[in-house]
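Asker: Spelled out, the chains give:
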Amino acid sequence: MGSGTGLLIPRLDGVSLIHRLIADDRSAVMLAETLVELDVGTPGDWKRAEHDPTSFVRITLDRWIQTHGGPSIRRRFLLSAEISASPSDWAEQDQARPNRLFLIIEPSEATCGCANFGPTLQMLERIHPQLPATFFHLFVGALNGWLRIYDFRDAKDRVEMLREWAAQEPNADEYEIPDVTGSIPPCMKQEPLDEAGLYRLKKRITDQQALKLVEGVIALHHLAGQANHSELDDSTREQLSDCNPPLPCLLALFAEADATAACFDEEAQGMLEVEPEPNIIIPLDPADTQSVQHAFHTFGVACETIAAAGDLIDLMPGNDQWIIR
Amino acid sequence: MSRNPQSKEVTKQAVLAEIESLRQCRHARYQTLLGRFSRCQDWQQAASLCAAAVEATTRTYNRTPLDAPPGLLPPVS
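Keeping their order, the protein sequence lines are chains A and B. Numbers 528 to 852, taken from the working numbering, label the letters of the first sequence in order. Numbers 1317 to 1393, taken from the working numbering, label the letters of the second sequence in order.
Simulated from the structure, these hints should not be mistaken for laboratory data. Note that the structure is predicted; figures quoted are calculated from it, not measured. For each residue, glycine too, the CB sits at the ideal point set by N, CA and C. Just to be clear, a hint being listed does not mean it is correct.
Unchecked claim - Covered, in the sense of this in silico footprint (three residues per stretch, anywhere, with C-beta under 8 Å from a C-beta of chain B), are these stretches of chain A:
id : region
1  : 552-565
2  : 707-720
Unchecked claim - Once the Cα atoms are required to be at most 25 Å apart in a straight line, the calculated SDA-like pairs of lysine to any residue come out as:
id : chain 1 : residue 1 : chain 2 : residue 2
3  : B       : Lys1328   : A       : Ala576
4  : B       : Lys1328   : A       : Glu718
5  : A       : Lys574    : B       : Ser1354
6  : A       : Lys683    : A       : Glu718
This is chain B alone, in the form it adopts within the complex (with noise of 0.2 Å):
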């Protein structure tokens, strides 16, 4: 049995008011931390940059310092 026509009506007003607030990004699955970082592509942006920095400086410092045997003096850098 369908239900009544003002009913329907009255559901689709309520999808069209949820997927709104999913547009505009006030819908409470984009207040976590992930579900803003997924839409903001400035963090996006500057998580890819902290990310190729770190790597760089890894590739760049990549030596392990060794401590110095007892006695000696640490090497100066």
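Chain A extracted, bound-state conformation (with noise of 0.2 Å):
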């Protein structure tokens, strides 16, 4: 109550102003010490976190992806990375080793990044006649060992799937199927150079934007070999058996609005029904240094690879309308 003939405005001195409320975090204050040791977290982030080991590992895994080609990251994919105690949503913890966590990439929205490779196939193609399809295969095969694009060959299966499915009904003529095999360029079907014979072909190549495209597709390859995310073991592969196939986080088409991307559109439209596998799962054990630096190394191989691959869009003609941010 005020006193005297003034208002007196209540003083809230010595209350705390911020209450949180601490789940159980054994595994976040493992995990923050051993990137502390590491030197994979940087101490200056503590307080930052205001002390708050969960904070710490969000802030540290931030400056990681930072580091390791952030923004290229994000000019071309809607990614999200997070670490979790199950490795996809649907899945429950595995009691039995409750010190497993997962490191865990998928996108971030329903939706995924997308790149024309028509126009730098026709330009390499000018150069030699297996350059096309040695650039695709390189490209596709590098960033699919960490994430999953959808191509003309996921195009060519829905494909075969619709055409039994319509094959089943009275009127299967009626149906309008997207011509994937007609719409995939004939420079395609050329059997993709080997290594050596990339190599003494780049000597020779003057166009300097084609030559930027030949050694940016042979830098991705070599990035994305530098580590891979290793098999998961059966009890994971268990949790994650009810899921749906990852998500792609990349549409790659011959053209604009092309066969392929009618099939994912037609596709895409049941990907959500059940929840999808993550795109990368990398089991860690937050106790154990040479786990976390291992998971942390292999993200970071992950997250540069992503970034490579986004760097090279950006110089692939006729891709300037996909820029995210």
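Make the complex out of the two chains shown on their own, each in a separate frame, by following the hints.
Answerer: Following this line, the structure appears as structure tokens:
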């Protein structure tokens, strides 16, 4: 109550302004400690994280992404990374291994990046007839090791399935099925060059843009192979058994709105009917420095590979409209 | 401008010491009732058992006893 004749505003001196509910964060505490020991985490971030291990891990993850190609990734891909106690939102934590965590990368929204290979393939075909297929397969092969790419092969599988469904209908002829085979450029039917052949050809390329593209795809190929996310064990596979395949993170087209894009649009309608598996799942034991170091190294290679792919798409003609930010 | 390596090492050791106190639950934030509860599985299990018992009791004895009308004896239970 106020005293005297004036009004008195109640004071909150000594009352805590922030209350935080702390759930069981033993894994986060262990991981924060390991990250600082390994110098993966920056001690200065501890204050920024308000002395909270979960926030510290989050800040460390953001910083790691930023120093491993974050801006290039964000230009072309909509991805999110998190560390979780289970390999997917649907999977329950494995009680037999309470200390195990998973570093996960998956699309942050129900949409994916896009790359039009058509103009690039035309440009490379003028240099060598086998160069377009070589470029495409090196690019897609490198990135597919980390993220799912939806390309003409997925579209062909879809068309095959649609044909089988349509064949069972009485009015099968009325179904309009995209002509994926007809939309594949003839140069893609060429055999890709082997590594030695590509290096020999590279020395003879005089067109500067083509040379940058070839150098870029060779670098991407080597970068992608610097680490591989190891096979998941049986218990983790079991946890993911009810999930759909991972969502595609990049749509590889030969022309804007081609048959592959049509198949993707049709197939995408059902991709979220069941929880999809994340694109990258890296298990780690937060108390084991070797395990955490390996996981963050693998994660770093994944980020740099995705960033290099984004930079390469920047160099590919006809891809200005797919920039996200 | 970056700080000298010695200062960085001091910060690192201080952070590790604080995380260690968190790991051993000696940190001040775990000394609150809620903090201790959130880390004690025995307490959590006991609370779950109590909650389940209260719910079961409510289901079994959910009748509301009425006062006997004036002039009548209360029901014999």
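Asker: Are there at least three residues in the region 552-565 of chain A whose beta carbon sits under 8 Å from a beta carbon of chain B?
Answerer: holds (count 7)
Asker: For A:Lys683 and A:Glu718, compute the direct alpha-carbon distance and say whether it is at most 25 Å.
Answerer: Measuring from Cα to Cα gives roughly 19 Å; hence the hint holds.
Asker: Are there three or more residues in the region 707-720 of chain A whose C-beta lies within less than 8 Å of some C-beta in chain B?
Answerer: Violated - the region 707-720 of chain A has 0 residues with a Cβ nearer than 8 Å to chain B, which falls short of three.
Asker: Can the restraint linking A:Lys574 and B:Ser1354 be considered satisfied, given a maximum Cα separation of 25 Å?
Answerer: 23 Å, holds
Asker: Decide if the proposed pair is consistent with the structure: B:Lys1328 and A:Ala576, CA atoms, cutoff 25 Å inclusive.
Answerer: 14 Å, holds
Asker: Holds or violated: B:Lys1328 and A:Glu718, Cα atoms, limit 25 Å.
Answerer: 55 Å, violated
Checked against the numbered hints above, the structure breaks hints 2 and 4 and satisfies the rest.
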